[in-house]
Structures are given as C-alpha cells and as structure tokens.
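Please build the complex by placing chain B on the supplied structure of chain A, with the hints as guidance.
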Amino acid sequence: QKEVEQDPGPLSVPEGAIVSLNCTYSNSAFQYFMWYRQYSRKGPELLMYTYSSGNKEDGRFTAQVDKSSKYISLFIRDSQPSDSATYLCAMITGNQFYFGTGTSLTVIP
Amino acid sequence: GAVVSQHPSWVICKSGTSVKIECRSLDFQATTMFWYRQFPKQSLMLMATSNEGSKATYEQGVEKDKFLINHASLTLSTLTVTSAHPEDSSFYICSARDNMKSYEQYFGPGTRLTVT
Numbered sequence: 001q002k003e004v005e006q007d008p009g010p011l012s013v014p015e016g017a018i019v020s021l022n023c024t025y026s027n028s029a030f031q032y033f034m035w036y037r038q039y040s041r042k043g044p045e046l047l048m049y050t051y052s053s054g055n056k057e058d059g060r061f062t063a064q065v066d067k068s069s070k071y072i073s074l075f076i077r078d079s080q081p082s083d084s085a086t087y088l089c090a091m092i093t094g095n096q097f098y099f100g101t102g103t104s105l106t107v108i109p
Numbered sequence: 001g002a003v004v005s006q007h008p009s010w011v012i013c014k015s016g017t018s019v020k021i022e023c024r025s026l027d028f029q030a031t032t033m034f035w036y037r038q039f040p041k042q043s044l045m046l047m048a049t050s051n052e053g054s055k056a057t058y059e060q061g062v063e064k065d066k067f068l069i070n071h072a073s074l075t076l077s078t079l080t081v082t083s084a085h086p087e088d089s090s091f092y093i094c095s096a097r098d099n100m101k102s103y104e105q106y107f108g109p110g111t112r113l114t115v116t
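Protein sequences appear in the order of chains A and B. If you're matching positions, the first sequence starts at 1 in this note's numbering and goes up one per residue. If you're matching positions, the second sequence starts at 1 in this note's numbering and goes up one per residue.
Isolated chain A, as found in the complex (with noise of 0.2 Å):
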C-alpha cells in the first residue's frame, strides 16, 4: 500500500464550478500536509500547507485535514480555466516528504 493514495483523475468540470481533489494516506505521524499545483512542462508551486485537523481558507481555495480518517481535501471555488493543471498532495513525518501521484484537472470556459 503507497503511503499516500490520490486519483489521477483527469478532472474535467464547467467554469464557476466547486472542485474537490482528494487524498488519503496510511501513516499516522504525518505531520504537516500541502497542495501543490503543476501547470504543464513547469516545476510545481506551493499552494497551501495546514499541519492540524480542520479548515484553512485563502482566497477561492480551502485545504481540509481530517487526521481522524486519514484524509485531505483541496476544495477550489469558482473555478477558473486558469486552474487547469495537475494538483499535487504531499505529506511529511520527520524530514521525509511523500506525494501523490497528483490529479489533472481541466476547467473548460
């Protein structure tokens, strides 16, 4: 079983819909959890990090941390064609980083 489990998608929905991407994982001392995002032939980005359980909000996104069920969640709202890329998930204990397999996610006008 992979330490972190993220469907590939691909993800295709209307302009100004609500995307949810997801991941779960199997270890407990995960301790802090982030989403990237990946355009094309780029290096991934930083979108958001949260290192407890709950919600942590900016802008039109909001990372969601449920340690009890071992799941995270990007919610992104009023999507835009602009967010059109690959979303990845990562997880850290100690200092080792683990990513899943990232969804690719296109927003049509």
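No wet-lab data here; the hints were simulated from the structure. Source: prediction; values computed, not measured. All C-beta atoms, glycine included, are put in the ideal place defined by N, C-alpha and C. Only true hints are included.
With the C-beta cut set under 10 Å, the calculated list includes, among others, these residues of chain B facing chain A:
(1) V4
(2) F34
(3) Y36
(4) K41
Same frame as chain A, now just chain B:
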C-alpha cells in the same frame, strides 16, 4: 516568496555526452535539496536527496555513478547526467527546503533534457 531557479530550462545533447543541471535557491538557504524526475503525465519520482557538504542519498534503483550530485553551498546543487542515453530524456526538477521552514519545499521550474 521563496524562489528556486534551474539552469538550463531545456537542453538537447548527443548520446554519450554529459549534461550538468544547476539548482539555486535565490532568497533562502537550503541545507537540503531534492532532485526529481518526471515522465509525461506521471508524478514526481524522487531520485536523490542532496545535503550541503556531504554525499547525496540516492533512492533505490537510481545509479549514483550516472547521476552525479554535488551540493557545494547552501544555495547551489548540481545534477550531472553522465554518458547520457536517449532513455535519460526526461523532465528533471529540483526542490529546496528552506532551513527556516522545514515543512516547506520549493520547486524549481524544471529542466527538459532530450538526448538524441
């Protein structure tokens, strides 16, 4: 925000030659840098962890003699692909961990290597 640069952004080389890729943290110090490889439509594959002043730690299956890593300073790590072959063609991405924020990892823009 923290910026990581990579140079070159793309390179084409002939089979059998060596290619060096630089990764720099521009506005922060990074004791630890990471090198990843990414194939089209696939996730990041960690190749090695580069530590300033010491030898890199390679992931299982990565040839250390083929992918030479040097982390000479707190802001620079280099990856040299030696005796490159067409199967080494890929997207190579580095990342750096900010010494002051161990939970954040910043990625470079990537280097596309094509070996002919």
